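Protein sequence lines, in the order shown, are assigned to chains A and B.
Residues in the first sequence are numbered from 1 upward in steps of one, following my numbering.
Residues in the second sequence are numbered from 1 upward in steps of one, following my numbering.
Calculated directly from the structure, the hints in this document are not laboratory data.
Take every hint as true, because none was put in to throw you off.
Short, incomplete list of chain B residues facing chain A, as computed with Cβ under 7 Å: (1) G98; (2) Y163; (3) A166; (4) R168; (5) G169; (6) A170; (7) G171; (8) R173; (9) H181; (10) P184; (11) N185.
Remember, predicted model here, so these are calculated numbers, not experimental data.
Quick reminder that beta carbons are idealized off the backbone N, C-alpha and C, glycines included.
Each chain is listed here by its residues.
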Amino acid sequence: MIAGLELTGVGVTAGPTAIVHDVSFSLAPGERVGLIGESGSGKSLTALAIMGLLPEELSGRGTVRLDGRDLTTMSDRQLGALRGDRLAMVFQEPMTALNPLMRVGRQVAEALRRHRDLSRAEVAARVGQLLARVELPDPAAAGRAYPHQLSGGQRQRVMLAMALACDPAVLICDEPTTALDVTVQARMLALIDRLVAEEGSALLFITHDLAVVSGRCERVLVMYGGHIVEAGPTAAVFALPRHPYTAGLLQASAATTDPSLLDGRGRLPTIPGTVPAAGHFPSGCVFRTRCQRATDVCETVPPLAGAARQVACWHPIEAPP
Amino acid sequence: MRGRLGLATAAGGVLVGLVVVTAAVSWFWTPYDPTAIDARGRLAPMSWAHPLGADRFGHDVLSQIMAGARVTLLVGILAVAVAAVIGVPLGALAALRGGWVGEGVMRVNDVVFAFPAVLMAIMLAAAYGASTVTAMLAIGIANVPVFARLTRAEALRVLSTEYALAARGAGRRRVGVFLRHVLPNVAPVLVVQGTVLFALAILAEAALSYLGLGTPSPTPSWGRSLQESQTFFGQRPTLALFPGLAIAVSVLGFNLLGDGLRDALDPKLRVLRA
Numbered sequence: 001m002i003a004g005l006e007l008t009g010v011g012v013t014a015g016p017t018a019i020v021h022d023v024s025f026s027l028a029p030g031e032r033v034g035l036i037g038e039s040g041s042g043k044s045l046t047a048l049a050i051m052g053l054l055p056e057e058l059s060g061r062g063t064v065r066l067d068g069r070d071l072t073t074m075s076d077r078q079l080g081a082l083r084g085d086r087l088a089m090v091f092q093e094p095m096t097a098l099n100p101l102m103r104v105g106r107q108v109a110e111a112l113r114r115h116r117d118l119s120r121a122e123v124a125a126r127v128g129q130l131l132a133r134v135e136l137p138d139p140a141a142a143g144r145a146y147p148h149q150l151s152g153g154q155r156q157r158v159m160l161a162m163a164l165a166c167d168p169a170v171l172i173c174d175e176p177t178t179a180l181d182v183t184v185q186a187r188m189l190a191l192i193d194r195l196v197a198e199e200g201s202a203l204l205f206i207t208h209d210l211a212v213v214s215g216r217c218e219r220v221l222v223m224y225g226g227h228i229v230e231a232g233p234t235a236a237v238f239a240l241p242r243h244p245y246t247a248g249l250l251q252a253s254a255a256t257t258d259p260s261l262l263d264g265r266g267r268l269p270t271i272p273g274t275v276p277a278a279g280h281f282p283s284g285c286v287f288r289t290r291c292q293r294a295t296d297v298c299e300t301v302p303p304l305a306g307a308a309r310q311v312a313c314w315h316p317i318e319a320p321p
Numbered sequence: 001m002r003g004r005l006g007l008a009t010a011a012g013g014v015l016v017g018l019v020v021v022t023a024a025v026s027w028f029w030t031p032y033d034p035t036a037i038d039a040r041g042r043l044a045p046m047s048w049a050h051p052l053g054a055d056r057f058g059h060d061v062l063s064q065i066m067a068g069a070r071v072t073l074l075v076g077i078l079a080v081a082v083a084a085v086i087g088v089p090l091g092a093l094a095a096l097r098g099g100w101v102g103e104g105v106m107r108v109n110d111v112v113f114a115f116p117a118v119l120m121a122i123m124l125a126a127a128y129g130a131s132t133v134t135a136m137l138a139i140g141i142a143n144v145p146v147f148a149r150l151t152r153a154e155a156l157r158v159l160s161t162e163y164a165l166a167a168r169g170a171g172r173r174r175v176g177v178f179l180r181h182v183l184p185n186v187a188p189v190l191v192v193q194g195t196v197l198f199a200l201a202i203l204a205e206a207a208l209s210y211l212g213l214g215t216p217s218p219t220p221s222w223g224r225s226l227q228e229s230q231t232f233f234g235q236r237p238t239l240a241l242f243p244g245l246a247i248a249v250s251v252l253g254f255n256l257l258g259d260g261l262r263d264a265l266d267p268k269l270r271v272l273r274a
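Generate coordinates for the entire structure from the input sequences, incorporating the hints supplied.
Structural data, given as structure tokens:
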């Protein structure tokens, strides 16, 4: 049995259109992995596929194993017993991910009441502890508040408390700080780091912010057009990207802090072209129409090759000797 | 609260209150027995003895209208209850199950929707005889699709929110999410629809009784009073005026109340959608 989370050939399709292709990676217990990519690259759908919560009009393929048990063949009842207990997720939008008509404390209690056989008093006590752990100023008052009475940052903390209620083995955070302003974001990230370390949970951190991944995640997966195009230890990938897409992304990102990388007219370096709409990616390598290194061989899909450092490219950028 | 609900809602509340109080009082007291026949008092004009006059059987019109309020409210309450009790679970099923089950439910709804309440009442009256119960069932069943559609549409909206997804992520199953998260968020819309439907049910009951498909004699009913007054319209126009006024007042009351509730609940709906 392999402990942790393991994805093999996970795909998501909307009718005839494939949106996520053949995604395989694993997450060891306690490991922190970043999944980066731009909007529409399939990051969030991958997360929903892991949770078994894909919208009805989409269908998933492949296998998702948690501690060796295949989640994709489980009934909704069996999956429900794992969700919120062993496997939890923090959603992106603090404004819409809480029920506006339910007190915050009850929403945090939801997973506890579902998965733990606790008395009313024990649940209330545990909710108080959880709200205190996510550093809400007045946990008792926060528990009695309705979502609209809390700020965005406070709501995001509540959602983290909800996800951590049953000490999950795997925590998926889907852009948990995107909607927050920068100072609140930094405190939220520090909080996630601390709590994940305390719980020993594995973390899958989904974001489009490269800076958020570096220094937080041991490994990083780069997604483009529904494919994982590059994977490896975060420091190595960021120092020496091998896929042209990763390189372009890092270059554009670096220029925001280093003006010497701007072009003659003071503009950011960009990746030529635009991201095609879902279903309109080229055959073969999904990046080839925007890639300066593309040749005829790129008309076939490159496999994600390599061991610790993986790259899906026929012409990867060579490491300097 | 009063300031936010506005004058129209307050007026609606007062009118509805008037109907409810009249119906309640009529249980204990009416000036005369509303079904007592008084041959000498036939077609009595308005007077201190008969403030609203008497009809061709000598029934006191005021007593009849008071007792008629009872039938009106009863039909309204039960018709709305029938429509909601059948329609809401059907809409919920359609929203939760989707696929051929959901589609099937909604197509059967469409078929029911094609039958107007009057036609439904004629069919039920033909089979079981005209009565308050058949009128109420006909109005209720004819409005089942209204609740089913509304519930389905609103439930689908709430089910697609992140908090419904987050509740599933916490391990709740579909039915649990529906009961704990979807229903409370859909309830305000259903309450407004119920109030508006109440007004429609009053009107439909009056129409059915007028056609002889509703409440049979001798139980007083506003619609039948209206129909019976027709022959004497030249002699005693007030016989048609007062039942008509009673119908108009209660329909107006429920409509104003429904509109007001919708306005009052709307800002909240906007927050939910934001």
